[in-house]
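There are 4 protein chains.
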Amino acid sequence: MSLRIAVIVGSLRKGAFSRAIALALKELAPPQLELNIIETGDLPLYNPDLDEATPLAPWQRFREEVAQMDAVLFVTPEYNRSVPASLKNALDVGSRPYGHSVWSKKPCAIVSVSPGGMGGFGANHHLRQSLVFLDMPVMQQPEAYIGHVNDALDAEGKVKQDNMRSFLKTIIDSFADWTERTRPQ
Amino acid sequence: MSLRIAVIVGSLRKGAFSRAIALALKELAPPQLELNIIETGDLPLYNPDLDEATPLAPWQRFREEVAQMDAVLFVTPEYNRSVPASLKNALDVGSRPYGHSVWSKKPCAIVSVSPGGMGGFGANHHLRQSLVFLDMPVMQQPEAYIGHVNDALDAEGKVKQDNMRSFLKTIIDSFADWTERTRPQ
Amino acid sequence: MSLRIAVIVGSLRKGAFSRAIALALKELAPPQLELNIIETGDLPLYNPDLDEATPLAPWQRFREEVAQMDAVLFVTPEYNRSVPASLKNALDVGSRPYGHSVWSKKPCAIVSVSPGGMGGFGANHHLRQSLVFLDMPVMQQPEAYIGHVNDALDAEGKVKQDNMRSFLKTIIDSFADWTERTRPQ
Amino acid sequence: MSLRIAVIVGSLRKGAFSRAIALALKELAPPQLELNIIETGDLPLYNPDLDEATPLAPWQRFREEVAQMDAVLFVTPEYNRSVPASLKNALDVGSRPYGHSVWSKKPCAIVSVSPGGMGGFGANHHLRQSLVFLDMPVMQQPEAYIGHVNDALDAEGKVKQDNMRSFLKTIIDSFADWTERTRPQ
Chain A
1242 MSLRIAVIVG SLRKGAFSRA IALALKELAP PQLELNIIET GDLPLYNPDL
1292 DEATPLAPWQ RFREEVAQMD AVLFVTPEYN RSVPASLKNA LDVGSRPYGH
1342 SVWSKKPCAI VSVSPGGMGG FGANHHLRQS LVFLDMPVMQ QPEAYIGHVN
1392 DALDAEGKVK QDNMRSFLKT IIDSFADWTE RTRPQ
Chain B
1242 MSLRIAVIVG SLRKGAFSRA IALALKELAP PQLELNIIET GDLPLYNPDL
1292 DEATPLAPWQ RFREEVAQMD AVLFVTPEYN RSVPASLKNA LDVGSRPYGH
1342 SVWSKKPCAI VSVSPGGMGG FGANHHLRQS LVFLDMPVMQ QPEAYIGHVN
1392 DALDAEGKVK QDNMRSFLKT IIDSFADWTE RTRPQ
Chain C
1242 MSLRIAVIVG SLRKGAFSRA IALALKELAP PQLELNIIET GDLPLYNPDL
1292 DEATPLAPWQ RFREEVAQMD AVLFVTPEYN RSVPASLKNA LDVGSRPYGH
1342 SVWSKKPCAI VSVSPGGMGG FGANHHLRQS LVFLDMPVMQ QPEAYIGHVN
1392 DALDAEGKVK QDNMRSFLKT IIDSFADWTE RTRPQ
Chain D
1242 MSLRIAVIVG SLRKGAFSRA IALALKELAP PQLELNIIET GDLPLYNPDL
1292 DEATPLAPWQ RFREEVAQMD AVLFVTPEYN RSVPASLKNA LDVGSRPYGH
1342 SVWSKKPCAI VSVSPGGMGG FGANHHLRQS LVFLDMPVMQ QPEAYIGHVN
1392 DALDAEGKVK QDNMRSFLKT IIDSFADWTE RTRPQ
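First to last, the protein sequences are chains A, B, C and D.
Be aware that the first sequence starts at 1242, since it is given in the working numbering, and climbs by one per residue.
Be aware that the second sequence starts at 1242, since it is given in the working numbering, and climbs by one per residue.
Be aware that the third sequence starts at 1242, since it is given in the working numbering, and climbs by one per residue.
Be aware that the fourth sequence starts at 1242, since it is given in the working numbering, and climbs by one per residue.
The shape of chain A in the complex, shown without the other chains (with noise of 0.2 Å):
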């Protein structure tokens, strides 16, 4: 049984960490889960002015590309102690219209890097709090902080630690677990 996994990366840079770790989950992932990076970067910020007869294709597209997957796996880098503001507009994005929700009721995870050492804490659980409005059940363990992000990728993007590879796997492990015991049967 396959499961479809939307990945959504926090970081709109071509070069960036969220990418490369997101890449590397998925190369990484178990034979039953497809990984598929939903792109952020050209949607609109969400206005409801704008989200009345007709949605914004932008907006649209999004919607229905998260609409058909089972699962959401964040990777998110933190801008100013919270989630880059392309990863909350996404969420806001595909929250409305009200009753209309691509998120509901699909497990996630969250996987939060920085350069620095403290993981992106801050980003990570502040997107939290929305899981809980959006009814994602949100796996709990293992917490995925990776700190020093750029230590752990060569000049290509690709991991380089066997420790950081084993740790991916074991996230993405777990997450297939989790995806199989709590999306809707």
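Hints are computed from structural coordinates only; laboratory data are not their basis.
It is possible that part of the hints are untrue.
Remember, identical chains collapse to one label, so a pair may be satisfied in a single copy or spanning two.
What the hints assert, rightly or not - Listed below are the simulated BS3-like cross-link pairs for lysine-lysine, each with C-alpha atoms no more than 30 Å apart in a straight line:
#1 Lys1267 x Lys1255
#2 Lys1410 x Lys1267
#3 Lys1255 x Lys1401
#4 Lys1399 x Lys1267
#5 Lys1401 x Lys1267
#6 Lys1410 x Lys1255
Knowing the structure of chain A, use the given hints to seat chains B, C and D on it.
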């Protein structure tokens, strides 16, 4: 001595309750405060790749407008138990490039609003976490969680209750004191 | 199949609203749930120095009682925008010694209460942050922020409003489902 | 002009890293600051039923000691991603009875510590949420998240690294400035 206040409104809706409350605060402000709403709806999602030699024009415009102000007043609803994406984007845009944040050391206060009873508590405190990193002295009391905000406003968005007007007056007067005490000399 | 639920009440007051709501939830619980209030008022403040060869008797008692349960229901007021100290102490005591947490993998839910309108939002979400570390799958929806809790109860602490009773019934039924789906097999 | 600082240490362990860091800050403090550790380990868990005609003697002692101080410095580890129960209990005890909080308007700062890399970020920001309600102006920068705290201390609990000593000096000097600017006149 006049103090120039940047007002950042969290919702992009034309008829937003948060904008109506911001305008009410502007009317009630003591003479030494000059409140200026700084618009955020045209700011592209922050992406460091686009912020190198020549920053995008709307980012530049926003940074210049905030830079001229003495203090900042945030008036915001809660989206998905956190700040709206457009408000977080304004924070992210204003905080960069590294070492050139326009927020640094500006005193600030937060007014959060909601149609329900909880008054945007989640947005209010998520915003506070970012303000620590941004080095903005934040007014602690009176806290301003305005629940049932729609009941406080008439069809033209004017405050219709005397006790609400009086509460807003207390907020803006306290913020004037806070700004005078904590802005850089 | 019977599920044993540890109920942790956040306030130590005899006439606490949170205790009254906990008792109401016990009455409304579906037959397969057995709710047991586990007392926390006699637990000394957690101090690792006193938790070596022979743990203090009240800590031992508390740990044994929680260990026998299948899931945990927290019912709590907010003190100073966070969880009451007695609730945090119960978490800390139950989480130690390292590797012997009694909380691990037990499904849980939170009901927060307040006399004001905000329903203990701050306590509710601070508790959620601890539950991540404690590896407790937490029910996301329905969220339970019970504002104006005193209006919901009569002089004997019984729920007097039908819509409140019906809301509490939804909470406890949803928690039964959540526990069945996410407890260890 | 001398400023008296209440130092609240988050851990009750005799050999606590947070206590060692508090003592280091005391040594490094500029002459106008007098740091006094106020003990919290003997405070019974806060219970409003016991705080009526005659408050418990340890509560009374604690309240009187804090009341005499000009400002407050919190030095704390993180327990279960939040503040230790003993620290939250000190906050709760000092905040009551209603209208007689000993914390009100006292400037404060937070230093959080951890043996791991994250420096007690979760405890640090949970504490900040309480400080809003308690009306304590809180120093925003420099933030102090001290990770790998055990590596910074020698066997007698003295700071062994010059860069750590210099960081702590910056913290305590900044706190002296913050206290002078924001304490009630």
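Verification of the supplied hints:
For a Cα distance limit of 30 Å, the shortest separation of Lys1267 from Lys1255 inside one copy, 17 Å, qualifies, whereas the shortest one across copies, 42 Å, does not. For the homomeric pair Lys1410 and Lys1267, the shortest alpha-carbon distance inside one copy (10 Å) is at most 30 Å, but the shortest distance between copies (42 Å) is not. In the homo-oligomer, the alpha carbons of Lys1255 and Lys1401 lie at most 30 Å apart inside one protomer (20 Å), although the nearest pairing across protomers, at 41 Å, exceeds that limit. In this assembly of identical chains, Lys1399 and Lys1267 lie within 30 Å of each other by CA distance solely inside one copy; the values are 12 Å within and 46 Å between copies.
In the homo-oligomer, the alpha carbons of Lys1401 and Lys1267 lie at most 30 Å apart inside one protomer (16 Å), although the nearest pairing across protomers, at 43 Å, exceeds that limit. In this assembly of identical chains, the alpha carbons of Lys1410 and Lys1255 lie at most 30 Å apart only when taken from the same copy (24 Å versus 40 Å across copies).
Figure legend: structure checked against the earlier numbered hints; every hint is met.
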